[in-house]
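A.B. asks: Modelling step: build the complete structure from the supplied sequences, incorporating the hints.
If you're matching positions, the sequence shown starts at 1 in the numbering used here and goes up one per residue.
It is possible that part of the hints are untrue.
Derived DSBU-like pairs: lysine-lysine, alpha-carbon spacing no greater than 30 Å straight-line [claimed, not checked]:
id: 1; residue 1: Lys211; residue 2: Lys496
id: 2; residue 1: Lys315; residue 2: Lys338
id: 3; residue 1: Lys127; residue 2: Lys153
id: 4; residue 1: Lys442; residue 2: Lys632
id: 5; residue 1: Lys414; residue 2: Lys430
id: 6; residue 1: Lys322; residue 2: Lys254
id: 7; residue 1: Lys643; residue 2: Lys598
id: 8; residue 1: Lys216; residue 2: Lys156
id: 9; residue 1: Lys321; residue 2: Lys338
id: 10; residue 1: Lys346; residue 2: Lys277
id: 11; residue 1: Lys338; residue 2: Lys57
id: 12; residue 1: Lys4; residue 2: Lys63
id: 13; residue 1: Lys277; residue 2: Lys254
id: 14; residue 1: Lys44; residue 2: Lys63
id: 15; residue 1: Lys338; residue 2: Lys63
id: 16; residue 1: Lys609; residue 2: Lys587
id: 17; residue 1: Lys4; residue 2: Lys16
id: 18; residue 1: Lys107; residue 2: Lys150
id: 19; residue 1: Lys654; residue 2: Lys63
id: 20; residue 1: Lys134; residue 2: Lys216
id: 21; residue 1: Lys647; residue 2: Lys630
id: 22; residue 1: Lys107; residue 2: Lys142
id: 23; residue 1: Lys121; residue 2: Lys150
id: 24; residue 1: Lys430; residue 2: Lys529
id: 25; residue 1: Lys654; residue 2: Lys643
Beta-carbon label-pair distances, calculated as ranges [said to hold, decoys possible]:
id: 26; residue 1: Arg137; residue 2: Val545; range: 47 to 57 Å
id: 27; residue 1: Asp588; residue 2: Glu490; range: 32 to 42 Å
id: 28; residue 1: Ser130; residue 2: Gln176; range: 37 to 47 Å
Keep in mind the hints are simulated off the structure, nothing from the lab.
Every residue gets a Cβ at the ideal spot worked out from N, C-alpha and C, and that includes glycine.
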Amino acid sequence: MNLKIALPGGRSLKVKAEFPYAGSPVGYRVLIRGKTGLVVGLAKEGEAIDLTFPDEKPITTEKHILSILETANYFAQLPWKLLFDLMPSVFDWREEEYIRLGEKDWKFIDKLSLKVLEYVKTRRAVKEESLKEKFGRDIIEKLLDLGFLKRVKEWKMPDLTITYYSLLVPLEEAIQRLRRFKNKEEKIRLIYYLLENRIASREELRSAGFKGDDIKALVQKGIIGEREEIIREIRGAPTIRQARVEYVRPLGKKSVIFGHWEGIISHVATHLERLVKEGKNTFIFCPSISLLSVLFEHLYPLLGDRLILLRSQDKPKDFIKKWFYISSADGIVLLGSKIALLAPLKSMDLLIYFDENTSKALEGFDIRHFLYTLSRYYGANFLLVSTFMPLSLCTREDWERHYHAPQAEVFVFKRKAQEILSPSVRELIKNSQEEWLFLVNKSGYAYAFCSFCGWMVECPRCKGFLTLSKDKERVFCTSCGYKSHALCPECGRQLKELGFGIEKAIEEVHRLFGNRENFHFDTVPRLGKSYDNVLVLHSDNILSVPWFDSLERYFSYLWQALCISKKRLIIQTALEDNPVLEFIKNKDWHGFCQEELKRREEEDLPPFKRLVRARLRSEPNLKNLPVEAKGKRLEKLWELLIKVDKKHLKELLKRLREYQPVDLEVF
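C.D. replies: Given below as structure tokens:
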């Protein structure tokens, strides 16, 4: 049989081999020339090469392979590179050479040789270079020549050891130990994250946006501890769930559920329960590992062992067992993140994507595009779940909408430049025993403020507020492009930033009200848990970034905060006249979308055209691109911003990839 085999790095190979099983070979893994390959199709001819089929079942389906081909073609990517990017590492084996003990008797050997042999015996197999580095090249070569040691080749899966982190000291002591650190805000957020979650894996922390350097610094200071173990089983005794409406409107072929978080999760659970009873399969994709755990804890009491969680924290043996089980199971719900994208479900009636309000394709790969394509090949209904209706779907009449209106009241308070908590907000918090989430957005720049004059500095051209650059030396206007030195136009003094980080917010809240168990802090309103009150201390800086979707991101941030609020959403702002706030107060998502879409259509912005941003190491020849493009120099890089219609997107991305871009984003 002639087979087409995909290899790591994007290459493929046509081989002639004997397929040992019945049925189609597509989706089966092969071990070939020291690497793992995957059968992606049949070939007309092939080279006779020794290979092995290590599995009795395929590790993915032809539907997944076709979806990868279609997605890669749309975004001008190498399909087989994308395939291996999505393949779980537990399946990506490599053939490596090791040193093992030979068969020769140990009698009459010197002490150093005996020490080497005992070392190898304890470890069973050792890499040759590490052995020579430890004991010296000459002694190892000698033992190999004499037959006491031998070289062997073995197939090995990657190191799948999982590292977990937890707090080692009380919160007050942890904060105190950070006093001498610079750039403390992310470290403080990490401490609060571990305080609430108790334990988290390295992958989970990276998924939540924490950097490896911050994790390492807290470990070195003894604030958090790390250990390698298998994560605790998060299944618990089923809890009695609240009664809910059993009938909900059936889903269409393409649907979106959005709005209040508790309404969303109840709606989704009702559909899942019905599908499981009917013996139908569902795949739930969730990009956030923390939300993945929340969904499991919520759905397991309802679905029991019909809910299958695929995660990187599983032991390799358990992971592989689940992976092949779902290829023949009916009436299950598969819950997973990126690691589950190639999972070979036998059939699929519903595919659910929990969107986190991202409007761009990372590294040119749009997961939503891939999942929607996969649902088509399976003939499954596609359900997008989000708190906010994506703007791209507001123009689509073929999508069914299921909206759960937020019930919380909305309050907007003016915050003076020097304040962290306004007097009105302090009164609300003062004696409250309810759950509070305090939010301080960390993205964006800071608005320019003169502490001597006591006001925010306006743009002399358009009267918008000026933004302070990162180096604090210049100001610029995100609306008209005006630039100037960071000096007050009235008094000439140096301008300061208007705003604060989460560290200052925590200190002020603790100073005023003490460290209470009902207080929670974060930089983004995360899905998965609702709070009695959500207080947005500072989010104005979202608008300081000069980008086409700043208003959408500002609205989405506040709207998601509203959707996880049970009683009140309280917004502090220095920009109380911003029209976005009126839409939030009126809970008018539709009005905001219509106004924003009107502006974007006039300016040929997404979703009416695609916007591509590329950063290149060398200056490109803009004349070679299929559409008009603008470029500018950014220190050592060139940045291109290009508006393109769907017809020319593939060709544009293909040309840009020839420059091997540092970053390539598609909006």
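A.B. asks: The structure should be examined with respect to each hint, and the outcome stated for every one.
C.D. replies: We went through each hint and held it up to the structure:
no., hint, verdict
1, Lys211 with Lys496, "holds, 27 Å"
2, Lys315 with Lys338, "holds, 17 Å"
3, Lys127 with Lys153, "holds, 11 Å"
4, Lys442 with Lys632, "holds, 27 Å"
5, Lys414 with Lys430, "holds, 18 Å"
6, Lys322 with Lys254, "holds, 29 Å"
7, Lys643 with Lys598, "holds, 17 Å"
8, Lys216 with Lys156, "holds, 28 Å"
9, Lys321 with Lys338, "holds, 18 Å"
10, Lys346 with Lys277, "holds, 17 Å"
11, Lys338 with Lys57, "holds, 21 Å"
12, Lys4 with Lys63, "holds, 16 Å"
13, Lys277 with Lys254, "holds, 22 Å"
14, Lys44 with Lys63, "holds, 21 Å"
15, Lys338 with Lys63, "holds, 17 Å"
16, Lys609 with Lys587, "holds, 28 Å"
17, Lys4 with Lys16, "holds, 9 Å"
18, Lys107 with Lys150, "holds, 17 Å"
19, Lys654 with Lys63, "holds, 25 Å"
20, Lys134 with Lys216, "holds, 27 Å"
21, Lys647 with Lys630, "holds, 19 Å"
22, Lys107 with Lys142, "holds, 16 Å"
23, Lys121 with Lys150, "holds, 12 Å"
24, Lys430 with Lys529, "holds, 23 Å"
25, Lys654 with Lys643, "holds, 15 Å"
26, Arg137 with Val545: 47 to 57 Å, "holds, 56 Å"
27, Asp588 with Glu490: 32 to 42 Å, "holds, 38 Å"
28, Ser130 with Gln176: 37 to 47 Å, "holds, 42 Å"
The structure is consistent with each of the numbered hints, conforming to all of them.
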